[in-house]
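In order, the protein sequence lines correspond to chains H and E.
Read in full-length UniProt numbering, the first sequence has 53 at position 53, and its numbers run on one by one without any break.
Read in full-length UniProt numbering, the second sequence has 447 at position 447, and its numbers run on one by one without any break.
Any given hint could turn out to be false.
If several chains are the same, the list does not tell them apart, and a pair holds so long as it fits within one copy or across any two.
Below, computed lysine-lysine pairings styled on BS3-like, alpha-carbon distance capped at 25 Å [what the hints assert, rightly or not]:
(1) K305 x K209
(2) K251 x K151
(3) K421 x K305
(4) K400 x K417
(5) K209 x K251
(6) K151 x K415
(7) K151 x K368
(8) K209 x K388
(9) K400 x K371
(10) K424 x K305
(11) K388 x K305
(12) K368 x K223
(13) K223 x K400
(14) K305 x K361
(15) K96 x K305
(16) K96 x K368
By construction, these hints were calculated from the structure, which means they are not laboratory data.
There are 2 protein chains.
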Amino acid sequence: MGQVPRILSWRNMLVLSLAVNFSLILRILKGGGGNSLDIMAYVSIWPVVSTSLDRTAYNSMWPVVSRTASGTSSLSSSSCNYNEIEEDDDRIINLKLGDPTVYERYWQEMGEMTTMVIPGWQSLSYFSDNNNNLCWFLEPELGKEIVRVHKVVGNAVTQDRFIVVGTGSTQLYQAALYALSPHDDSGPIDVVSAAPFYSSYPLITDCLKSGLYRWGGDAKTYKGEGPYIELVTSPNNPDGFLRHSVVNRSKGILIHDLAYYWPQYTPITSIADHDVMLFTASKSTGHAGMRIGWGLVKDRETARKMTEYIELNTIGVSKDSQLRAAKVLKVVSDSCGRSGNETKTKSFFEHSYDAMSERWKLLRQAAKNSKRFTVPDFTSQRCNFLGKVFESQPAFAWLKCEEGIIDCEKFLREKKKILTKSGKYFGDDQSYVRISMLDRDSNFNIFLSRISSSFNSTL
Amino acid sequence: MGQVPRILSWRNMLVLSLAVNFSLILRILKGGGGNSLDIMAYVSIWPVVSTSLDRTAYNSMWPVVSRTASGTSSLSSSSCNYNEIEEDDDRIINLKLGDPTVYERYWQEMGEMTTMVIPGWQSLSYFSDNNNNLCWFLEPELGKEIVRVHKVVGNAVTQDRFIVVGTGSTQLYQAALYALSPHDDSGPIDVVSAAPFYSSYPLITDCLKSGLYRWGGDAKTYKGEGPYIELVTSPNNPDGFLRHSVVNRSKGILIHDLAYYWPQYTPITSIADHDVMLFTASKSTGHAGMRIGWGLVKDRETARKMTEYIELNTIGVSKDSQLRAAKVLKVVSDSCGRSGNETKTKSFFEHSYDAMSERWKLLRQAAKNSKRFTVPDFTSQRCNFLGKVFESQPAFAWLKCEEGIIDCEKFLREKKKILTKSGKYFGDDQSYVRISMLDRDSNFNIFLSRISSSFNSTL
């Protein structure tokens, strides 16, 4: 849009605007209520010309989204057709990482509702106007929407908690280690987590050979004396099970990673209430590219030191992404209030619950048919938010190869061109692999098609 | 805008749109070419309703920008009036940090040229579509604009360099330490810089008690044997002088922090060509809130390890801010091509050069009048970019109190309610303070007014 003042004369703009009227008059004559996509196509007349980046994005990323008669998402029907898809045998399917592109469809269907507009003169300062908030770089609007979404979902206590925003929950994990480790000369504190644990924890913890903390391994076999930090990831990455601390000693300090404690992945059975709870937009709304996470922290001094770490590490967190995250969370909370029969639209969590539910149904069917691999079974529980009983349907499948397949990762990579992460990186053995359940329909469908045949044909 | 489909009927939108036509017709009848602010006010009809955040931003931040007849910035004329301003004796002026809000005025005058529009479904992925770039999370558009702006300004070599994007140059500094430190058992490598050095370097280097590196103090007095890392900040923070490495030993590894090597601060006398060069949007364009920095790195393995650190530390860098930074840098480079008599508009660097030049002229005059404090003198050099000879006009003033003022920071804080950073934090003595020259006109003018009287009246 930098060029608009020079490219577009006022007469050009009048012609554009009259064209807009004409389309509106036609629409009214047709009595069209339209859906959000139509409105996007209309309203985006201005944003689209505003930047070549945006235009590229529209051209390259805007899909033709088919809709059912009810106007609900077509994701379900489309992802059912995994056995009818055009298979491309040479294509490598990478399900190593939890890239949450499964959510693109929902945000595409929401159209302009979450379009972010940031003027060039906004957010130049390092500081946020947040009334002397302890976390001086937290955008107040984001703080407000974080509290609201947790109240709507009922998955975490926010009252009397300090909010610390981070560049993803990965930075917040390091901020928590900095805040909770003793800074005297007592040497590094051990950091432990029950295997299978998130494969990045050991790498992040030890990458700088810190004198404050060090990786202590599997919490289940931890024998160390004195203070320690235990990481509790619930639901767990990689296996999806709900967890509690396993080292029950008086000197334990707990960090709860609740990145996956959302109703699309697991029943919300209680309001989490722990000293340090970490969440991230990457896995809650799917906006991994924003790099926004937040910590809910009970103790003021812990929150102050976490803020201090983020100040030293990156002098705060992107204002642009904080403002965008606030807008996305607002739309998520609004959608929960609006969903139901009267609107015929699903809330974000209903939509994403359905997507995960269907993928797990298909994966379990494939496992049952092949008998050569298994996935975990979860007990059904009632979700206070969705008001129904269901089993966990995690963001990752912790898949175990059976009957003579010793190295499951190697088997899937060499025989079926599917990239996964071996169990050995999670403190477990290589008969296991972690598989992302959050990829786009096209990749997930090819994955299903290949494993449905692979275990029957290849061995 | 989340509510638009429900709040605005198609008839409402037609009425809105017809009103827009009417204003356009009136403007055309008046023959108004308008300026970018008028266009902003017009085009922003859609963006403004799109979110309460945007509306708040418009109301609270959109200033009445007076313009000279030529249509150039009014910053000069406005900031001349420091002795006519309404002084508020109780107001504390905080010039401790280099918050670059002086640039707000320019970006306000650019209006919608740098307005960023990001659809809610964009950039969900952790990854950037960057053709297997070594830095896998670098947005290609940002990479392109980084190369372009350095070519336009001529301040750094980009050919055969790897670009590593970071969450500000602070993260890139740590990435460089991670990449350049030995990872064997040889123990932490010393990191040194000539005093006065940036006060955050020691804190960042030692905050995690890393076994890879440790702060080694003033490079001028460094006596250590074996390998070391020397930080060369040029122009230097806090004193603004151009620098070269001072420890001339064979085992030295250099990191060049070139955050201030831009023509508004110092003459661009040569194209910087070093192994590791760090830059940041905060000080080049003033967008500190974006938290975007970049490294130009000669060695592939160093760039790979810097990328590895950022992956471990924050799993990449905000896509939103990268896309916004690309747009801002594009406008900066475009403005350099467009500036001159034929357009009557200043380029970004001409505008910001004028702003800094005037502030330094006023500060030197105040110093001369009072005789109670001094600021550094710089030798004049020819700037290859601006094509004229001038003295450095740094982002910070390294102010020295004279005649019996032992603690300069205490004096300014207690006597004149001006917060500055004491020389003792920069490895120097407390007769010095660092003062930001990048604050808004209103604060800078009050600062000038107070110090012009303070040194004459208070002692």
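Hint by hint, here is what the structure shows:
1. When the C-alpha separation of K305 and K209 is checked against a cutoff of 25 Å, the pair qualifies both within a copy, at 20 Å, and between copies, at 15 Å.
2. Taking CA atoms no more than 25 Å apart as the test, K251 paired with K151 passes in neither setting, with 32 Å inside one copy and 57 Å between copies.
3. In this assembly of identical chains, the alpha carbons of K421 and K305 lie at most 25 Å apart only when taken from different copies (22 Å versus 34 Å within one copy).
4. When the C-alpha separation of K400 and K417 is checked against a cutoff of 25 Å, the pair qualifies only within one copy, where the shortest distance is 17 Å, while the shortest distance between copies is 67 Å.
5. For the homomeric pair K209 and K251, the shortest alpha-carbon distances inside one copy (23 Å) and between copies (23 Å) are both at most 25 Å.
6. In the homo-oligomer, the alpha carbons of K151 and K415 never lie at most 25 Å apart, since the shortest distance is 47 Å inside one protomer and 48 Å across protomers.
7. Taking the shortest Cα distances, K151 and K368 never come within 25 Å of each other, neither inside one copy (39 Å) nor across copies (60 Å).
8. Proximity of K209 and K388 under a CA criterion of 25 Å is satisfied in neither setting, with 47 Å inside one chain copy and 49 Å between copies.
9. In this assembly of identical chains, the alpha carbons of K400 and K371 lie at most 25 Å apart only when taken from the same copy (11 Å versus 79 Å across copies).
10. With identical chains, the CA atoms of K424 and K305 are at most 25 Å apart between copies only, with a shortest distance of 23 Å across copies and 34 Å within one.
11. Taking the shortest Cα distances, K388 and K305 never come within 25 Å of each other, neither inside one copy (40 Å) nor across copies (48 Å).
12. In this assembly of identical chains, K368 and K223 lie within 25 Å of each other by CA distance neither inside one copy nor across copies; the values are 40 Å within and 69 Å between.
13. In the homo-oligomer, the alpha carbons of K223 and K400 never lie at most 25 Å apart, since the shortest distance is 29 Å inside one protomer and 57 Å across protomers.
14. Taking the shortest alpha-carbon separations for K305 and K361, neither the intra-copy value of 44 Å nor the inter-copy value of 41 Å comes in at or below 25 Å.
15. Within a single copy, K96 and K305 get their C-alpha atoms only as close as 34 Å, which misses the 25 Å cut-off; across copies the closest is 21 Å, which meets it.
16. Taking the shortest alpha-carbon separations for K96 and K368, only the intra-copy value of 23 Å comes in at or below 25 Å, while the best inter-copy value is 65 Å.
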